[in-house]
Amino acid sequence: MYDLLMAVSVLLPILSGFLLLILNGPIKRGKHEREMEIGVEALVLVNSFLAAVLIAGTGGHSGNLVLFRLYGELTVMFRLDRMGSVFAGLVSFLWPLATLYAFEYMKHESRKPMFFAFYTMTYGVTMGVALAGNLVTMYLFYEMLTFVTLPLVLYPMTKEAARASRQYLYYSIGGAAFAFIGLVCVLSFSAIGTTEFTAGGMLNPDLAGQRKNLLLLVYVLAFFGFGVKAAIFPFHDWLPKASVAPTPVTALLHAVAVVKSGAFAVLRFTYFIYGTSFLRGTWAQWVVMGAALVTITFGSTMAAKEIHLKRRLAYSTVSNLSYILFGATVMTPWGLTAALIHMVAHAFMKICAFFCAGAVMHQTEKTYIHELNGLGRKMPVTFACFTVSGLSLMGIPLFAGFISKWNLAEAALSCGADAAAAGNPGAFMPYLGVGVILYSALMTGIYMMTVSVRAFFPSLVPGGAEEAAGKETGGKEPEATDPNWMMLVPLVTFVIVIIGIGLHSEPLMRILTLIGGEAG
Amino acid sequence: MIMLWAVFLPVLAGVLVLALKDMEGNRRVLTAAFTAVLTAEAALVILAVMRGGSVTLWRLTDTITLGFRIDRMGGLFAVLTSVIWLLAGIHSTAYMKHEHDERRFYGFYLIVVGVLSGLDFSADLITMYVFYEMMTLTSLPLVLHELTKEAVFAGLKYLFYSVAGAFLALFGIFFLANICGDLQFAAGGILTPEMAAGKEGILLFAVFAMIVGFGTKAGMFPLHGWLPAAHPVAPAPASAVLSGVITKAGVIAVIRVVYYVVGPAVIRGTWVQTVWMVLTLLTVFMGSVLAYREKVMKKRFAYSTVSQVSYVLFGLSLLQPAAFVGAISHVIFHSVIKDALFLFAGAVIVGTGWTRVEQLRGLGRIMPLTLAFYTLAALALIGIPPASGFVSKWYLAAGALASGTGVFSVAGPVVLLISALLTAGYLLPITIQGYFPGQDFDGREIEERNLAGKEPEPAMLIPIGILALASLLLGCFPGPILRLAQAIAETVF
Amino acid sequence: MSFVQNFPFFSIIIAMFSGIVSSVISGKKARNLSLAAIAVTTCMSAAVLAFTWRTGESYTYMMGHFPAPWGNEIRAGVLEGLVALMFGVVMFISVMGGLDHTEKDVEPGKLNLFYIMIDLMLSSLLALVYTNDLFTAYVFVEINTIAGCGLIMIRQWGRSLSAAIRYMVMSSLGSGLFLIGLSLLYDVTGQLLMIPAKEAVAQIAASDTYVIPMLVILAVISVGLAIKSGLYPFHYWIPDTYAYATPTASAILSGLVSKGYIFLLIKILYRVMSPEHLMEGYTLDVLYWFGIAGMMMGSIHAIQEKDTGRMIAYSSVAQIGYIYMGIGLGTLGGTTAAIFHIFSHGATKALLFISAVGLYEASGGERDYLSLRGAGYRNPLAAIGFTVGAMSMVGFPMLSGFISKLLFATSAFENTGKLLPTLIALAVSTTLNAVYFLRLVISLYRPERKKVGGVRRDSWNLRLAVVCFILLNLVLGLFSQPIVRAIGQGLEMFD
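The listed protein sequences derive, respectively, from chains A, B and C. Count the first sequence with the working numbering and you get residues 15 to 534, in order. Count the second sequence with the working numbering and you get residues 2 to 494, in order. Count the third sequence with the working numbering and you get residues 60 to 554, in order.
Isolated chain A, as found in the complex (with noise of 0.2 Å):
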C-alpha cells in the first residue's frame, strides 16, 4: 500500500497541475480566486500528509515501484530510503507553508492559475527526484523539474526574465547533458546491470578496476553536470540571474528544491552509485572538492559585493550549496551526514532570508539594500527573522547552522586526517576546505549583518536616518508594517526550526548519521 503512496505522491500534484492548466480559462478574469487558493493549499497540505503517512509508515525503507521500462534495464522505479526520506520531508515540510506565503505575495499578480499549476507541480517532480529509486527516475525528474520550473521563472515575462530562463534552461540541460555521460557510463559499469541506488555504490569492481581513470574522469563530468543545478562554479551564473522571478520561487526553489535536487544527485551519485571506496583519495575526489571549495569562496564575495537584496541571497545560496558538496566531496560517512544536515538547515535559513527578503518587497516594493534603512523599525518581525537566518548562516552556535557547520568542518578534518595518514598528496584539500568554510561565514557575517544593522541602525549612509524618519512622518508613502499572518506564520515557523534545530538536534542527527553509516 505504501508503494503505492509514492506514486500518488508524486503525481497527484502534476495532475493537479495540468488540471489547473487545463482550468486556467475559467479562473481567469478574478473569478474563483479564492477557490483556487483554497483548493491548492488544501491538495499541498494532503499530499505533505500522505508523505508524512509515508515517511512514518516505512520508517524509511519502502519495496520497489515499477512505473514503467523506459528502455531496456531502464526503469522508472520509486523506492524510498531513508537518504530520500530525509530530502522529501524536508520538501512536503516546507511546501504548504511556501503556498501559503505565496498566495499573499502574488495578491495583485495576474496569471495566478498558470503560477500555482506549475508551483504544484514541481512539487510532484521534487518529490518524484526524492523517492527516485534508480538513476535513471532521477535523472528523468531531474529534466522534468528544469522544464516545470522553467515558465516560473519567466513568469515576470520581462525581457530580464526571459533571458533569465534561457540561461537556466541552457545551463540546466547542458549539466543534465554530461550527466547523461554518467548515466550510460554506469549503465555498462553497473555490477547489477541495472541503475538502482545501492548503499555504498554498484559499480562492478572488476570491470571499474580495469578502466578505473575513465570512471573517475566520467564521475567528475557527472558531479559538474548534477552541480550546475547545485550552482557549482562556474556554472553557477542562472541562480542569481534567476533571482528574477517571484520571491516564492527564488525562496522555495532556488534556494531548497532545484538547487537542493542537484546536491541531492550529487550525492546519490557520489554515495549511492559510485561508491565512496571507488573514489576516496584519487585525483576525482580532490579536483571536485576543489572545485566545491571555489564556489564556497566565489559565492560569498559575490554575496558581499551585491547590492541587490534577492541577488545577494542568491549569491549565498549559491556558496551554500558548495557546502553541501563540499560534504558529498568528504566521501566519508560523517560528509555524507554533514551535507545532509547542511541541506536540511540551509533549506530553513535560506528559505526564511527569502521571505523576508520577499515580505520586504510586498510592503514596501524595496529591493536594493541601500534602500532598507531603517525599516527594521518598521518592520521589526521581519527583520528579527531575517537577523535570526543570518545569524544562522553564519553558523553562529544555538542556531541550525552551526550544527551544520560543526559537521562539515569534523567530516572533513578527519578525512584530511585520513588522507594524511595514507600520504595523500591531496590531504591539505580537507583542511583548506575547514579554512574555506571559515572565510565563507565571515563574508556571511558581512553580507547579512549588514543588511540587518542598515535596518535597524539607519544612519550607515550620510542622511539616513533624516531619510528613515522623514518618511515616518512625511507620510508620502503608506506605512510599511510587517505583513499579514500568511506571510508572517511561515517566517516564524522557519525560525522555530532554525532554533530548535540549532538547540537540539541530536533526533535528527541520529538518522543522518545513520544514513551515513550505511551509505559512506
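It is worth saying that the hints were derived from the structure and are not from the lab. Some hints here could point you the wrong way.
30 Å max Cα-Cα, derived DSSO-like pairs, lysine-lysine [what the hints assert, rightly or not]:
1) K22/B <-> K380/A
2) K98/B <-> K319/A
3) K392/A <-> K158/B
4) K392/A <-> K98/B
5) K319/A <-> K158/B
6) K173/A <-> K121/A
7) K150/B <-> K380/A
8) K173/A <-> K88/C
9) K163/C <-> K88/C
10) K365/C <-> K163/C
Footprint (simulated), chain B over chain A, 3 or more residues, beta carbon under 8 Å [what the hints assert, rightly or not]:
11) 401-413
12) 442-450
Far from chain B, by Cβ distances over 12 Å, these chain A residues were calculated [claimed, not checked]:
13) L26
14) F82
15) M128
16) A176
17) R177
18) L221
19) K226
20) L230
21) E385
22) R468
23) T495
Built from N, CA and C at the ideal position, the CB exists for glycine as well.
Let chain A serve as the given structure and place chains B and C on it in line with the hints.
Leaving out everything else, chains B and C in the frame of chain A:
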C-alpha cells in the same frame, strides 16, 4: 544554581528592560532597577565563585554539551567583571542622562554582563565560544549607540573584526575537537602528544589561529584595527567596559586555549611562541606610539588599551610562571585603571563637552578632584611604584628575563620600558596641562561657561574615585592577588 | 513462396503507377490516390515486417529474372520492413498535415504534379530501402533526386527556385560520385548484386590486391552519399531547401529523403564492404569525425540563424552528424543507434517543421523567432508540438531523442578509442540543441511585442498531424525496446 542565576538574571533583566517600553518615561525606576540588578549580579557572582561547582546546561549535539564550571581563573575574571561593571554602571546612570535611548543602553549593558559571566564560567571551549559570539553580538548595540555614521561604521568594523577573529579561532576549535573529542578545560591542558601524533604541523597552525583569533578581542596586532575605532564612539561607560573588561574576554579565551586545552608545553619553543611574542611586543610598542600621537582623548585611551592588553598577552606568550602571574595581575590592574580613565573621560565630556587633549588645559580649575583621581590612575598605568601597574610590570619583566627565550628575554623588558615611557608621555601631559595651564592660558571659556569648580555629580565621581584608589591600593597590597595568581600558575605549569 | 513476399515489389510498383496515373487526373483525385498509395504501401511494409519477423530470416526477390551480375534484386528483412514502415508512416502524416498548405502554395493546375512527385518520392525511397543491387539503387537515387527537386520547385517562389537549383547541382554531384564508385566497383569485382559483390570484395581483400582502388571506391561512394544526405561540410544546399519548400515537402525532405541515402550507405557498407574489411581503413573514422563536426557546426549555424525554418534545417545538419557518428563507430550498436536515430529524427524533425508552420500561421506568416513571440498563446497545439519536438531533440527522457542519445552513448562503449569523444560530443551537442530550440520555445511563451494582425487558425489536418507526430515520438520514446531489437535482428540478417 547560583551561577545560573549569575548568568541569566542580568540577561533576563536586560531583555525585560528592552521589552518594557513604558519605562522610557520613568527614569528613576529604570536607574534604580538597573543599579539593583548590577549590585545583585556582583553579589551573585561573588557567591557563586565562593560556592564553586559545575553544571551541565544543555546537550547541543551528542558530542557537544554546554556547561559551566567555576575554577579559580574563571572566578577571578567573573568577579572582576561584575564589580567593574557595577561601578561603570553607576557612573552610567549619571552619564546617560545626557544621552538618548537610555533604555536600550541599559538593556544591552545588563545582557552583556550576564553573557560575560557565562563566558568566564564556561566549562569547555565550545561553551566559551558560544558566549564569546553572544558577547560580540550583544555588545554591538553599545558601540552603535550613538547612531552617528561614524558609530555605525565603527560598529560594523567591530562586528567584522570580532567575527573574523572568532572564525579564525573556530578553525582551531574544529581541529581540537577533532583530535581531542572533548574540550573540557583542565589546568595544564588536555592535549596529549599521542592525540596530535602526525598532525603536529596543523596543530600548531590551529593554536596560532586561535591565539590570533581570540587575540582580536584583546586588540592584538594584526587584528587590532577595530579597537581604536569602536571604543571611543561608544558612550563613555560603555567605552570603559569595552576597553577595560571586554578586551579581557579575549585574554581569558587565549588563556583557556593555551593553558587549559593545549597546554603550554606543546607550544613552548615552537614558531608559534616566537611569532606570538613578536606580535605582542609589536602591539605594545605600536599602541603606545599611536596613543602618543593621538589628540582625541578617548582615542588616546583606546590606543593605550591596545598597548596595555598586549602586555598581558606578552606575559602569557612567555609561558613562564612569573610572567603568567604578571599577566594575570595586569589583567586586574589594567581593568581598574582603564575604567578609571574612560570614566574620567566621560565625566569631562559631560561636564565640559571637551573631547580633544589640547582642550583640557586648565581642567584643574574645573574639576580638580577628578583630575587628581585621573593622575593616580595614570601613574598606576605608567607603573610608578607603589601603584599597581608597577607590580604587574615587575613580574612581567622578571618573568621575561627568566623565561629563557633568547633575545626576547631582553627585548621584552626593553620594549615594556619604552612603552612605559611613552605611556607617561601620553598620559601625564593631561595632568600637567590641567593643573598648570601656563602663562598664556586664556581662561575665558571657563569663566564664560561658569565651569570653575564644577566637579561631576557623585554618581560619576564616586566610581572614578573608587577605581583610582583601588589602582593605588592594589599596588600597595598586591599580596592576595599575587597569591591567587601564583596558585593558578602552579596548576597550569 | 508466400504472397507477402511479393509486397516489397508491389509497393514500389504501386507507388510508381499511382504517379503515372496521377498525371492524367485532377489534382484532388491525385491527392486521394497518393494518400491511398502511401497507406497501402505502409500496410504492406507492416506485413513484410511481420512476415520476416515471424520467419526470422530475410529473403531476396528477383525482378525481371536477369542473372547475375546484372539482375535486379530486392531483398527484404526485418530491418527493411521496419524502415519502409517508418518512412511510410512519416510520409503519410506529413502529406496529410500539409494538405491545405499544399493547395495554397501550389498553383491549382500543378497540384497533380506535386502528388506525382510525392508518389515518385515514395517509390524511390522504398526502392532504396529494398534494393539488393547497386544499379537499381543508382536508378532510384536519380529518381529520388528529380522528385526532390520537383517538390522544392513546385512552390514557385524565388528562394525556392534558387534552392532547387542548388539542390540539383549538389545532388547531381553526389549521384555522379556514386556512379563513379559503382563503375569502379563493377570494374574491379565484376558484380553489381550485393551478395556476389561482397564475396568478390572479400576475396580481393584477402588477396591484398587493389588496395588503393578499393579505398577510392569506398571513399567515392561514401562522399557521394554524404553529399546527398547533407553531411557537413556538404550541407550548403540543406537550409534553403528545407526551409522554403511547402510544409509537406519540408517534412519529407528533412525527415526522409536524406535518410534514404544514409540507409543505402549503411547497406553498402555492411552488405558489400564487409565490416571487418572496413575496420582496417580510415573511411569509418573519416565519417565519424565529419559526423561530429557536423553535430557541432550544424548546431552553431542554427544558433546564429534567426529564421525558424532555416534554424530547424541546420539542426538537421547536426542530426545527420549524429547518424554518421553512429555509423562511424563501426560497431553493431553504433549502426543500430544510427538507424534508430533515422526513425527518431524523422519523426521529430517532421513534427518540428509541421508545428513551425502552425506557428507561422499564428504570427502573420512571419518566420523569424522574434516575430513568433507569444505564438504559444495564439496557437497552443502547434506550440506544444514544437515544445515536444524540441524536448525530444535535447534528449528528454520518455521521448524518442533520449533513446537515440542513450543508444549512441552505450554503443560508444564498444569502441574504446572513440568512447570519450562520442560522449562529450553528445553532451556538448545536446547543450547546443538546447540553446537554439529552447530559446525559441521560451520566445513562444513570451507576450507579443506588437499585436499580430490576421491570425489564421490552422486547419484540422495540420493539427491532427501534430498530434500524430507527438504520439509517434512518445511511442518511439517509451516502447523503443522492440524496435531496437528489430533493428538489431535486421542488422544480423545483413550477413
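Going down the list of hints, with the structure as the test:
Only pairs whose Cα atoms come within 30 Å are accepted, and K22/B paired with K380/A is accepted, the gap being roughly 29 Å. A hinted pair counts as satisfied when its Cα atoms are at most 30 Å apart, and K98/B with K319/A does not qualify at roughly 40 Å. Taken as a hint, the K392/A and K158/B pair is honoured in the structure, with Cα atoms around 25 Å apart against an allowance of 30 Å. Distance restraint check for K392/A and K98/B: the Cα-Cα separation of roughly 27 Å lies within the 30 Å cut-off, and the hinted pair is therefore satisfied.
With a C-alpha separation of about 16 Å, the suggested pairing of K319/A with K158/B holds against the 30 Å cut-off. Proximity of K173/A to K121/A is assessed by CA-CA distance (about 23 Å); at most 30 Å being required, the pair is judged to hold. Under the criterion of a C-alpha separation no larger than 30 Å, the hint pairing K150/B with K380/A is consistent with the structure, at around 22 Å. Between the alpha carbons of K173/A and K88/C the distance comes to roughly 50 Å, so the proposed pair goes past 30 Å and is violated.
Between the alpha carbons of K163/C and K88/C the distance comes to roughly 16 Å, so the proposed pair stays at or under 30 Å and holds. Proximity of K365/C to K163/C is assessed by CA-CA distance (about 25 Å); at most 30 Å being required, the pair is judged to hold. Figure legend: the stretch 401-413 of chain A, annotated as covered by chain B; annotation consistent (6 residues with Cβ-Cβ distances under 8 Å, at least 3 required). For a cut-off of 8 Å, the count of residues in the stretch 442-450 of chain A with a CB near a CB of chain B stands at 3, and the three-residue condition holds.
The Cβ of L26/A lies farther than 12 Å from every Cβ of chain B, with a closest approach of about 37 Å, so its non-interface assignment holds. Distance to chain B confirms F82/A as a non-interface residue, since its nearest Cβ pair spans about 44 Å, more than 12 Å. Distance to chain B confirms M128/A as a non-interface residue, since its nearest Cβ pair spans about 44 Å, more than 12 Å. Even its closest Cβ contact with chain B, about 38 Å, leaves A176/A beyond 12 Å, as expected for a residue assigned away from the interface.
Every CB of chain B lies more than 12 Å from the CB of R177/A, the least distance being 34 Å, so the non-interface label holds. Once the 12 Å rule is applied to beta carbons, L221/A is consistent with being away from chain B; the minimum gap is 36 Å. For K226/A, the non-interface assignment is confirmed: its Cβ lies about 28 Å from the closest Cβ of chain B, beyond the 12 Å cut-off. With a least beta-carbon separation of about 27 Å from chain B, L230/A lies farther than 12 Å from that chain, consistent with its non-interface assignment.
At roughly 16 Å from the closest C-beta of chain B, the C-beta of E385/A stays outside 12 Å, upholding its exclusion from the interface. The claim that R468/A lies off the interface is violated: its Cβ sits roughly 8 Å from the closest Cβ of chain B, which falls inside the 12 Å cut-off. For T495/A, the condition that its CB be more than 12 Å from all CB atoms of chain B holds, with the nearest at approximately 17 Å.
Against the hints set out earlier in the document, violations occur for numbers 2, 8 and 22.
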